[in-house]
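Student: Take the sequences, apply the hints, and build the full model.
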Amino acid sequence: MVKKGVPDWLNSSVWSTPNPPPSPPPKESVKPSASPLVEPPPPVPPPEPPTTSSVHATSAAKAEIRDPLSSTYGSNSSVCHSDEENGSSSANSSASGGGAAAAVAPAPAPPAAEIISRQAQLSQELSRKVINMGELRRLASEGIPDGAGIRSTVWKLLLGYLPPDRSLWPSELAKKRSQYKHFKEELLTNPSEITRKLEKSSLEKNEPDGSPGFLSRSEITHGEHPLSLGQSSIWNQFFQDAEIMEQIDRDVKRTHPDIHFFSGDSAFAKSNQEALRNILIVFAKLNPGIRYVQGMNEILAPLFYVFKNDPNEEYAASAEADTFFCFVELLSGFRDNFVQQLDNSVVGIRATITRLSQLLKEHDEELWRHLEMTTKVNPQFYAFRWITLLLTQEFNFPESLLIWDTLLSDPDGPQETLLRVCCAMLIIVRKRLLAGDFTSNLKLLQHYPSTNMNHLLYVANKLRIHLAG
Numbered sequence: 001m002v003k004k005g006v007p008d009w010l011n012s013s014v015w016s017t018p019n020p021p022p023s024p025p026p027k028e029s030v031k032p033s034a035s036p037l038v039e040p041p042p043p044v045p046p047p048e049p050p051t052t053s054s055v056h057a058t059s060a061a062k063a064e065i066r067d068p069l070s071s072t073y074g075s076n077s078s079v080c081h082s083d084e085e086n087g088s089s090s091a092n093s094s095a096s097g098g099g100a101a102a103a104v105a106p107a108p109a110p111p112a113a114e115i116i117s118r119q120a121q122l123s124q125e126l127s128r129k130v131i132n133m134g135e136l137r138r139l140a141s142e143g144i145p146d147g148a149g150i151r152s153t154v155w156k157l158l159l160g161y162l163p164p165d166r167s168l169w170p171s172e173l174a175k176k177r178s179q180y181k182h183f184k185e186e187l188l189t190n191p192s193e194i195t196r197k198l199e200k201s202s203l204e205k206n207e208p209d210g211s212p213g214f215l216s217r218s219e220i221t222h223g224e225h226p227l228s229l230g231q232s233s234i235w236n237q238f239f240q241d242a243e244i245m246e247q248i249d250r251d252v253k254r255t256h257p258d259i260h261f262f263s264g265d266s267a268f269a270k271s272n273q274e275a276l277r278n279i280l281i282v283f284a285k286l287n288p289g290i291r292y293v294q295g296m297n298e299i300l301a302p303l304f305y306v307f308k309n310d311p312n313e314e315y316a317a318s319a320e321a322d323t324f325f326c327f328v329e330l331l332s333g334f335r336d337n338f339v340q341q342l343d344n345s346v347v348g349i350r351a352t353i354t355r356l357s358q359l360l361k362e363h364d365e366e367l368w369r370h371l372e373m374t375t376k377v378n379p380q381f382y383a384f385r386w387i388t389l390l391l392t393q394e395f396n397f398p399e400s401l402l403i404w405d406t407l408l409s410d411p412d413g414p415q416e417t418l419l420r421v422c423c424a425m426l427i428i429v430r431k432r433l434l435a436g437d438f439t440s441n442l443k444l445l446q447h448y449p450s451t452n453m454n455h456l457l458y459v460a461n462k463l464r465i466h467l468a469g
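Read in order, the letters of the sequence shown correspond to residues 1 to 469 in full-length UniProt numbering.
Among the clues, some could well be false.
The calculated lysine-lysine pairs, modelled on DSBU-like cross-linking and capped at a C-alpha distance of 35 Å, are [what the hints assert, rightly or not]: (1) 376 / 361; (2) 361 / 253; (3) 181 / 285; (4) 253 / 176; (5) 270 / 175; (6) 181 / 129; (7) 270 / 253; (8) 270 / 129; (9) 376 / 443; (10) 184 / 253; (11) 285 / 176; (12) 175 / 253; (13) 431 / 376; (14) 443 / 361; (15) 270 / 176; (16) 443 / 431; (17) 270 / 285; (18) 270 / 376; (19) 129 / 253; (20) 285 / 253; (21) 175 / 285; (22) 443 / 253; (23) 361 / 285; (24) 431 / 361; (25) 129 / 176; (26) 175 / 129.
Since the hints were derived computationally from the structure, they do not count as laboratory data.
Tutor: Here it is in C-alpha cells:
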C-alpha cells in the first residue's frame, strides 16, 4: 500500500517561520513555542476514555481575560504566540517529494480598516427589509466585529431564531418571549407556591360575593401532599428534580470564574447566574430524554453573554428568553453527543470522534499514523472535550466567539465545520506532535497552546476547499 503524502499546499515554504535576525528579546513576556519543552515524566498508561455523563472537564489555563470583553477580530488574530501559529503546520519536504509551489499563502490578520469595512457590510445587510442569508453567512464566516450589537443579531438569524424578513421580528420575538415566560411560570414554580394559589382559589370560591365568611378547612388532594409518591404529584416531581438542580447550580457557579460577567458577588453577576440556571432547568424539564449533562453550561455561556451585551436595551432585557431558544436550536445539532445510550451508535460521540480521525488521515496521513499508530494517542483523550464543548475550553473567551462565528455560519450546520477546525488544530501543531511521544503529545493536545485565530480558521477553510476539490 502506498502511503498517502501530505497535500502540496501544506508543504509550501510559506507555512514555515523564517529564522529572524539576531535581536534583543522583546519586552513583552510572550510564551515562545520555540523554547524547549519541560522534560515529560515517564510514559503512563493511557487514561480511560471519558463518558458522556461527565462531559465537563477542568479547562486548561488560559490567558487572563479583561472584563468586559472589548477585543475585536483584528486584535485577537494579529498576535502570534508560537511557531505553530505561523508555520509549524508545514511538513518536511521529504514527506511528499518536496512539493513546494502552487500553495496559497496564509491570509494575514485583517487590518483595522478591513474590520470597519466588514462591520459596515454586516450593518448594511442587517438593514435590508429581507436579509440575504447567503451573503450574511459569507460575511459572518470571516468573523463578526464586536460592537453595535451586530453579533447578537447575526447569531439569532444564523440559528433561525429570527426570520430573514425584518417585518416579522416584532411578532416573532413577542411570541417567543411570552412562551418562555409561560415555561418559567409552569416549570420553575415551587410546589408550596402552587399549593398557596390553590388554597386562595378555594377561598374565593367559598366567598363569591367577596364578603367575609367562616374560615374554611383547606382540602389537600393526594397529588398536592408533600409526602405523595404518585407520578403526577407535583411534590414528588420536585424532589426528583432537586438533584439535577443542585448539579446545575454547582456548574453555573463554576462558569468562567475569570470573567466578572459570570462570577463574583455583584448583583449583576448573580442575576446572570440566575438566568443561566433558569435556562438549564427549563431545558432539562422540557427534554427528559437528555435532561442536563455537565458541560451544557459552557455551551450556554457564549450565547447569553453575546445577547446580554446587546446595546439594544429591549433585546438585552430579554436575553434570557432569546438565549433559551437559540440554545435549544444549537444543541439540536449536537444532542446525540450528550445521550450516553448513543455513545457507541453511528450517531454518538465516539462515531463523531472517529470521523475526526478519518478527516486527519485523509489530509495528513503521516501525522495520523504517528498519533494513533506510533504514540497510541487515542483521539478520545483530547477530542471528546473539543467536540462536546464546542472548543469553549481550548481558547480564551473572545477567541471562542470568533470560532463560533464560523461554526454558526455553515449552512450545513456547525458539526462539519467543528470537525474541520479540530483537524486544523492538529495540523498546525504537527511539527511538535511528530517530534513528541505519548506523554508530551497528550499534554499538548489537552492543554492546547495559544494560537493565531486568523491562521487557524484559514487552515480549516483550506481543508474544506480541498475536500470540495
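Student: What hints, given by number in increasing order, does this structure fail?
Tutor: 2, 8, 18, 19 and 23
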